[in-house]
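The task is simple: from the sequences and hints, build the whole structure.
The primary structure of each chain is shown beneath.
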Amino acid sequence: MSITGIGAAVRRKEDHRFITGTGHYTADINRPGQAFGYFIRSPHAHAAIKSIDAKMAAGMPGVLAVLTGAQLAADKIGNLICGWMVHSDDGSPMKMAPHPALANGKACHVGDPVAVVIAETLAQARDAAEKVQVEYGVLPAIADPAAAQKQGAPQIHEVAPHNTIYKWHLGDANAVEAAFKSAKHVTKLDLVNNRLVPNAIEPRAAIGEYDAGAGTFTLWNTTQNPHVARLVIAAFVGMAPEHKLRVIAPDVGGGFGSKIFIYPEEVVALWASKRVGRPVKWVAERSEAFLADAHGRDHVTHAEMAFDAEGKVLALRAKTIANLGAYMSTFSSSVPTYLYATLLSGQYQIPQIYCEVDAVYTNTVPVDAYRGAGRPEATFVVERLMEVGAREMGQDPVDLRQRNFIKSFPHQTPVIMNYDSGDYGASLKKALEIADYKGFAKRKRESERNGKLRGIGFSNYIEACGIAPSQAVGSLGCGVGLWESAEVRVNPTGSVEVLTGCHAHGQGHETTFAQVVSDRLGIPIENVSVVHGDTDKVQFGMGTYGSRSGAVGMSALAKALDKVEAKAKKVAAHLLEAAEGDIEFKDGKFNVAGTDKSAAWGDVALNAYIAHKFSGQELEPGLKEGAFYDPKNFTFPAGCHICEVEVDPDTGNSEIVAWTAVDDFGVVVNPMIVEGQVHGGIAQGVGQALCEGAVYDKDGQLLTGSLMDYCMPRADHLPPMKVDTTVTRCPSNPLGVKGCGEAGAIAAPAAVINAVTDAIGTEQLAMPATPAAVWAALQRAPKAPRAA
Amino acid sequence: MYAFTFHRPQTLRQAASLLAKHEEAKLLAGGHTLLPTMKLRLAGPPQLVDLSLIDGIAGVAQSGRSLTIGAMTRHNDVSTSPVVQQAIPALAGLAGMIGDPAVRHMGTIGGSIANNDPNADYPAACLGLGATIITNKRRIKADDFFTGMFSTALEPAEIITKVSFPIPKKAAYQKFRNQASRFALVGVFVSKRGSEIRVAVTGAGANGVFRVPSFEEALKKRFAPKSLEGMTIPADGMNSDIHGSAEYRAHLVGVLARRAVAEAIGK
Ligand SMILES: Cc1cc2nc3c(=O)[nH]c(=O)nc-3n(C[C@H](O)[C@H](O)[C@H](O)COP(=O)(O)OP(=O)(O)OC[C@H]3O[C@@H](n4cnc5c(N)ncnc54)[C@H](O)[C@@H]3O)c2cc1C
Numbered sequence: 001m002s003i004t005g006i007g008a009a010v011r012r013k014e015d016h017r018f019i020t021g022t023g024h025y026t027a028d029i030n031r032p033g034q035a036f037g038y039f040i041r042s043p044h045a046h047a048a049i050k051s052i053d054a055k056m057a058a059g060m061p062g063v064l065a066v067l068t069g070a071q072l073a074a075d076k077i078g079n080l081i082c083g084w085m086v087h088s089d090d091g092s093p094m095k096m097a098p099h100p101a102l103a104n105g106k107a108c109h110v111g112d113p114v115a116v117v118i119a120e121t122l123a124q125a126r127d128a129a130e131k132v133q134v135e136y137g138v139l140p141a142i143a144d145p146a147a148a149q150k151q152g153a154p155q156i157h158e159v160a161p162h163n164t165i166y167k168w169h170l171g172d173a174n175a176v177e178a179a180f181k182s183a184k185h186v187t188k189l190d191l192v193n194n195r196l197v198p199n200a201i202e203p204r205a206a207i208g209e210y211d212a213g214a215g216t217f218t219l220w221n222t223t224q225n226p227h228v229a230r231l232v233i234a235a236f237v238g239m240a241p242e243h244k245l246r247v248i249a250p251d252v253g254g255g256f257g258s259k260i261f262i263y264p265e266e267v268v269a270l271w272a273s274k275r276v277g278r279p280v281k282w283v284a285e286r287s288e289a290f291l292a293d294a295h296g297r298d299h300v301t302h303a304e305m306a307f308d309a310e311g312k313v314l315a316l317r318a319k320t321i322a323n324l325g326a327y328m329s330t331f332s333s334s335v336p337t338y339l340y341a342t343l344l345s346g347q348y349q350i351p352q353i354y355c356e357v358d359a360v361y362t363n364t365v366p367v368d369a370y371r372g373a374g375r376p377e378a379t380f381v382v383e384r385l386m387e388v389g390a391r392e393m394g395q396d397p398v399d400l401r402q403r404n405f406i407k408s409f410p411h412q413t414p415v416i417m418n419y420d421s422g423d424y425g426a427s428l429k430k431a432l433e434i435a436d437y438k439g440f441a442k443r444k445r446e447s448e449r450n451g452k453l454r455g456i457g458f459s460n461y462i463e464a465c466g467i468a469p470s471q472a473v474g475s476l477g478c479g480v481g482l483w484e485s486a487e488v489r490v491n492p493t494g495s496v497e498v499l500t501g502c503h504a505h506g507q508g509h510e511t512t513f514a515q516v517v518s519d520r521l522g523i524p525i526e527n528v529s530v531v532h533g534d535t536d537k538v539q540f541g542m543g544t545y546g547s548r549s550g551a552v553g554m555s556a557l558a559k560a561l562d563k564v565e566a567k568a569k570k571v572a573a574h575l576l577e578a579a580e581g582d583i584e585f586k587d588g589k590f591n592v593a594g595t596d597k598s599a600a601w602g603d604v605a606l607n608a609y610i611a612h613k614f615s616g617q618e619l620e621p622g623l624k625e626g627a628f629y630d631p632k633n634f635t636f637p638a639g640c641h642i643c644e645v646e647v648d649p650d651t652g653n654s655e656i657v658a659w660t661a662v663d664d665f666g667v668v669v670n671p672m673i674v675e676g677q678v679h680g681g682i683a684q685g686v687g688q689a690l691c692e693g694a695v696y697d698k699d700g701q702l703l704t705g706s707l708m709d710y711c712m713p714r715a716d717h718l719p720p721m722k723v724d725t726t727v728t729r730c731p732s733n734p735l736g737v738k739g740c741g742e743a744g745a746i747a748a749p750a751a752v753i754n755a756v757t758d759a760i761g762t763e764q765l766a767m768p769a770t771p772a773a774v775w776a777a778l779q780r781a782p783k784a785p786r787a788a
Numbered sequence: 001m002y003a004f005t006f007h008r009p010q011t012l013r014q015a016a017s018l019l020a021k022h023e024e025a026k027l028l029a030g031g032h033t034l035l036p037t038m039k040l041r042l043a044g045p046p047q048l049v050d051l052s053l054i055d056g057i058a059g060v061a062q063s064g065r066s067l068t069i070g071a072m073t074r075h076n077d078v079s080t081s082p083v084v085q086q087a088i089p090a091l092a093g094l095a096g097m098i099g100d101p102a103v104r105h106m107g108t109i110g111g112s113i114a115n116n117d118p119n120a121d122y123p124a125a126c127l128g129l130g131a132t133i134i135t136n137k138r139r140i141k142a143d144d145f146f147t148g149m150f151s152t153a154l155e156p157a158e159i160i161t162k163v164s165f166p167i168p169k170k171a172a173y174q175k176f177r178n179q180a181s182r183f184a185l186v187g188v189f190v191s192k193r194g195s196e197i198r199v200a201v202t203g204a205g206a207n208g209v210f211r212v213p214s215f216e217e218a219l220k221k222r223f224a225p226k227s228l229e230g231m232t233i234p235a236d237g238m239n240s241d242i243h244g245s246a247e248y249r250a251h252l253v254g255v256l257a258r259r260a261v262a263e264a265i266g267k
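Top line first, the protein sequences correspond to chains W and C. So for the first sequence, the working numbering puts the first residue at 1; every next one is plus one. So for the second sequence, the working numbering puts the first residue at 1; every next one is plus one.
No lab work stands behind these hints: they were computed from the structure. All residues carry an ideal CB built from backbone N, CA and C; glycine is no exception. Please note that a few of the clues may not be correct.
[Claimed, not checked] Short derived list, chain C residues pointing at chain W, Cβ under 10 Å:
1) 178
2) 244
3) 245
4) 248
5) 249
6) 254
7) 256
8) 258
Below is the structure:
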């Protein structure tokens, strides 16, 4: 291993530019002649658009155009789509309602874009927008997913009676029912997985530019997957043929899933740029982002777990209503199905699992994948059931988990997934030591002396990452394959460019991908640059989400490096006048086996390009190789998080006083970056558990429409975290990595709520467990909090 | 924002005449309330009259048993002032709890009390200490100044110049933050000066900052948390929203008042 290779905690190469303000985000980019777009958004959750009168606005200073959904339709710009087909139990396809980029005829949520003003300046566009007269016919609205299917609920889309998108299930209901019949104990819970607003620090932005001479479009966009954006905008929206559309995702300041999706605004920016013959720029405001970026989670679930007399889990069943909002966002259908129900086995040997999911439309912002996507919801179900089950049966939650752990691999769960590796006992054991579980009772007594209620909560989560084997996801309805590509270009001086189809928006790929190259070729990471986020440079790729860049993207890189090494050996053989089979490559040097003849990496790279020593046809000049890697299986990171809280019974405030995380991410490429990912994930999970929650009123108005009312976690919500790892190699990919990007957000909510409910002695507590909610729960609690 | 004309008067008189001349003009102090509303286009004053170049309306001075703070004194200058820390540590502490460092380096006491946000901190201090608000026209007692949420006794074209605080024997402020905004969900300021006892509450009331006579009476007998044991105020008239019910706010008033008294007497 070189000192900057795999396993080295090297500093992130990209941070200097981010921290010194020298990055290039979409909003930093300005095109010659650029105009600005400002969207007019529906103030109503559900309303017929009776008329749009833009006459006055069109005459305002600087206004180039006022464009509406009718014009969009007239120009034959197609609808946005959901790219993952889920079928209902009766075999019918999901009910995908039309989703035009500008509402045409009716608006379906507050914030639905209704028209756009294009003007010379943003201020002029805003001024004119105020003069556009939209006449609405307000319709009854529904925001509550649990009520969306009820008789008499307002109907949002004609294609979806009872607002039902699909009724789907996984597992064998009869077998589960039989298992429940034989159970000694059944634990039942009603759970709400609260709706979250992603809030990446950089708001979304887009610049569309049409080159009339070449007939080509360019889109600068805050996207996590530029190639998928291009594919959808070309093939489905029909903006331009794929080869005439270039998508550039420059520096992107956080995504957490919310920038995976293809959104109306980028489609409109492209279309408008052609209409007005000028580049068109749009940058979201924070308040706009609350109404226009896909939200996350929003499940209402009833779950039950059946135990036998020894506390072995016999079966689990869950019924979930998933709110997908007003339209089906790009991957929305997959989140509450194949990313959720398939993880309901957790870390446990559960013989039978049955899960029913109804996905519903409501008059709310569309819901799609958000850090963890489905897996936090699954972990919350499994880990709350485990904890509450232990409490109800009077067992230690640790013992109960240990008794049910899966201990041998591979393990086929009843819900599709085949776990390849893991050692759940090892991470639990290590976490218990770090958290000093034995000392908890003493700490609880100390807290009591100070008038505080102390609680401890566990979350032994599992996730399916490295998304995903193309054949598997294809069979489950995914419209694309989820392989990844990499290209390694060696320059004549020996420096290297890596082109990857993954996209970094905070993850640190410019460092970690370079580490993989450094490890293999023995060159320092400074000599490697990582190119991503431009469809003109990188041939194709599936982007970054689902903790896939390490497991899938780096595997593609490893595969390309194999080919580079093979070719370089051929060059070295020529150079050293030896047989190719005698060349060994180690620590950046090519040796002829059994001799002291060698050539440095740089010599071989140079000779590959000058090609002076190549004779005849048998060897092509150059050193550049590409590879596509399609994973054989998902990867299965897992671990144990332990949260300790102190609740102030007078105010209901929960303070997290200790956090232990022991994760198994397989081989770790950069421990410092991994620790950062764990910290960030925990922060988001703690946010969901303690303070975040989108609230709609019954008319579909978003009451938490700004950071004054929507509480993002702050540094002082978080304790110092003790983060450690255990390692079982991932057997299915060349580097043995599993992925770490979502773990914290998946594990944390259950750990926090298990801890708070332990402290206050009642399970009747919904997320977010705000001080007001905890205080109210304490008032309702039937009995005094459990003594230590 | 909408376009506006920016005035930078050098004297109070000039500022006052600009206000008199332009009916819709707004004073600009630290801008940390006014500018965000303008950016959201919720306000669009055609004229802004900036107070920052006017001499003599910023800074802290103590004379005898009173402390005077100029209207343009930034929250940070109050919280770090040795004079305030010495004379009324609870006031310095309160200023240090406002918002974040950026807010504290720009926001001013004059702007805060002129705005009278129902969740702001300074109104609790003014009412809880029995301050006098001094304007370019007159002196107004805190008890008469705060007239309801976002409303005050200020007349059009009236400019706060300073606030005078009598120095109490004991005082403390307890703030329970709204988790999202960090304003006071409930804040309770208590003080004792001779026989005068004040308990002022911000954040909780549906109509802005208010005093709690029943708590004041109880504390007159003995200024100790025990005197408030089991006491609460009716939930009627409390604010109720997604951040907390009226019952919760009423309950917090009791909890925080007890804690504030304990802090004031050094327990
Ligand atoms: C992120 C954030 C967090 C905050 N957190 C808190 C908090 O925790 N607690 C809290 O109390 N406040 C908080 N604030 C508000 C902050 O303290 C404001 O700065 C303050 O309320 C207003 O003061 P200003 O000097 O900024 O006034 P400006 O915004 O300039 O003016 C506010 C209003 O007062 C008028 N005005 C200003 N000066 C005078 C004067 N001398 N005479 C008459 N009228 C005048 C203006 O015309 C305007 O209508 C927060 C603000 C922000 C942006």
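> What are the numbers of the hints the structure violates, in ascending order?
Replying inline: Of the numbered hints, all hold.
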